[in-house]
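Asker: One-letter residues, chain by chain:
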Amino acid sequence: MVPHPGHFPALKEIIEVKEAEGLKEVEEVFMGGSPEVMGSGRGVLHAPLIDEIREQTEYAHQHGIKMNIAMNSTCTGGHHLTFEGFKMFKWYFSELNKAGIDGVIVAEPYLVELLRDFPMKTIVSVLSYVDAPQRAKFFEDLGADVITVDTNINRHFELLRGIVKAVNCDIRVIVNEGCLYRCPFRYFHYNLASHLSSLNQPRSPLFAPDFYFDKCTNIRLRDPVQIIKSAWIRPEDIKVYEAIGIKSFKLSGRTKAVNWIIDCMRSYSHRSFKGNLLEILDCPQMLRYMFYIENEKLEGCIEQWKGCKKICNECGYCDALTKEVLTYLK
Amino acid sequence: MKKEISEGRRKLEEELRALVGNIFVPEAKVFGMVCGCVGFAADLRGLQYDDADVFREKISAIMEEISKSVGVEPEFVYARKLPGSEEVVTLTARELCERCKREFAGSKAAPRPDIVVLKKNLK
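Protein chains in written order, with numbering that gives the first Met the number 0: chain A, 0 to 329; chain B, 0 to 122.
Since the hints were made in silico from the structure, they are not lab data. Fair warning: this is a prediction, and the values are worked out from it, not measured in the lab. Just to be clear, a hint being listed does not mean it is correct.
Result set (DSBU-like, lysine-lysine): computed pairs, CA atoms no more than 30 Å apart in a straight line [as the list claims (entries may be wrong)]:
hint, chain 1, residue 1, chain 2, residue 2
1, A, 309, A, 164
2, B, 107, B, 122
3, A, 329, B, 100
4, A, 23, B, 122
5, B, 28, A, 214
6, A, 89, A, 120
7, A, 11, B, 10
8, B, 1, A, 273
9, A, 273, A, 329
10, B, 119, A, 11
Given these sequences and hints, build the entire structure.
Answerer: In structure tokens, the structure reads:
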């Protein structure tokens, strides 16, 4: 599944490249919905109305591509539990369904359940933080058709295997997220993003709207090992996940430039990338100007991470690897 | 340079007011980015996408002129909308690095939905 920034010309260009280059693995795209209904985990740069969603969906379908809408806000301020909110979500889902949308990406369990009344696929967001078979089962029972697992367990193969076995629905992993492993800001950052991308804004202007983003960038600048510990999956390593039964992969980056998205789509479709790995990681993009991580040198590291116990202070593998593969750009 | 930036801010505000109406340009700046791009940017209030679209040529010409006056080759002139709205909050003329020529300005579509491309002068 490939990110779509939201404007129609971008969708056309993504599909044009997919078709011209025969990137058969690209089957779905996703974009944000209307901030008037709900925010999402990323900044909303475009607010498509239902008519535009319908038009874009029809176009995607004509080209054999499924269209999904991300409504993965982690906080609605309780609006969904008001009669007004209930009616609004019900109405919006109904309109998305009429517009031909194939799936809706949600984080809030209440909305997972609400989507049962519609034929669209219910895609559980990475922001539902599904990190164990138990939690996956909960969401499947609520009505999930696809579960995007918490990226924090992208390198916890026992858990991934356990989740695949525990549920019948599809399991999806995000491959190019560069977030800090076990980030202390994660929940709070996404709650903030959920509010800032909706109409449910803070009452006063924020003195530091990028607080969490700045903190996470600073941490990596001071300790680049954290970049290596992040949950990214190299294009070449997708096969390792397929081998444990994961068949669905998602690229993140819907707030990025169209050509960046297309480059990522190419690399992951070809399952091969040469150069600075940071070029294809979603967040934070500015690290690519400071560090160079030679992707080829990471060949085989996945074997270590497959058995990794994540007790970093007793291991030191990633520290040593960082010295080997990461250089500072001048 | 200080004089040209201040003069550019004043000129842009004046010209936009003549074209559209009550426009405010609180800040104008010349910037340099880590990738190698340099540019001239003006924050503004009061301009909407429709206005920018109607006066696309004229606004581009003003931005190009100011940009050249501060030593920036205006290869890519664009407006940035407040996400999810029609309010134009920044006008930028940018001299692009090689990466951004391809990644930011190289697509047929606008690079992002909040960006309105006013003019491309790429060689």
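Asker: For each hint, tell me whether it holds in the structure or not.
Answerer: Cross-check of the supplied hints:
1. A:309 / A:164: 22 Å, holds
2. B:107 / B:122: 15 Å, holds
3. A:329 / B:100: 21 Å, holds
4. A:23 / B:122: Distance of about 34 Å is beyond 30 Å: violated.
5. B:28 / A:214: Holds - the C-alpha atoms of residue 214 of chain A and residue 28 of chain B are around 26 Å apart, at most 30 Å.
6. A:89 / A:120: Holds, at about 15 Å.
7. A:11 / B:10: 38 Å, violated
8. B:1 / A:273: 44 Å, violated
9. A:273 / A:329: This hinted pair holds, its Cα atoms lying about 20 Å apart.
10. B:119 / A:11: Measuring from Cα to Cα gives roughly 20 Å; hence the hint holds.
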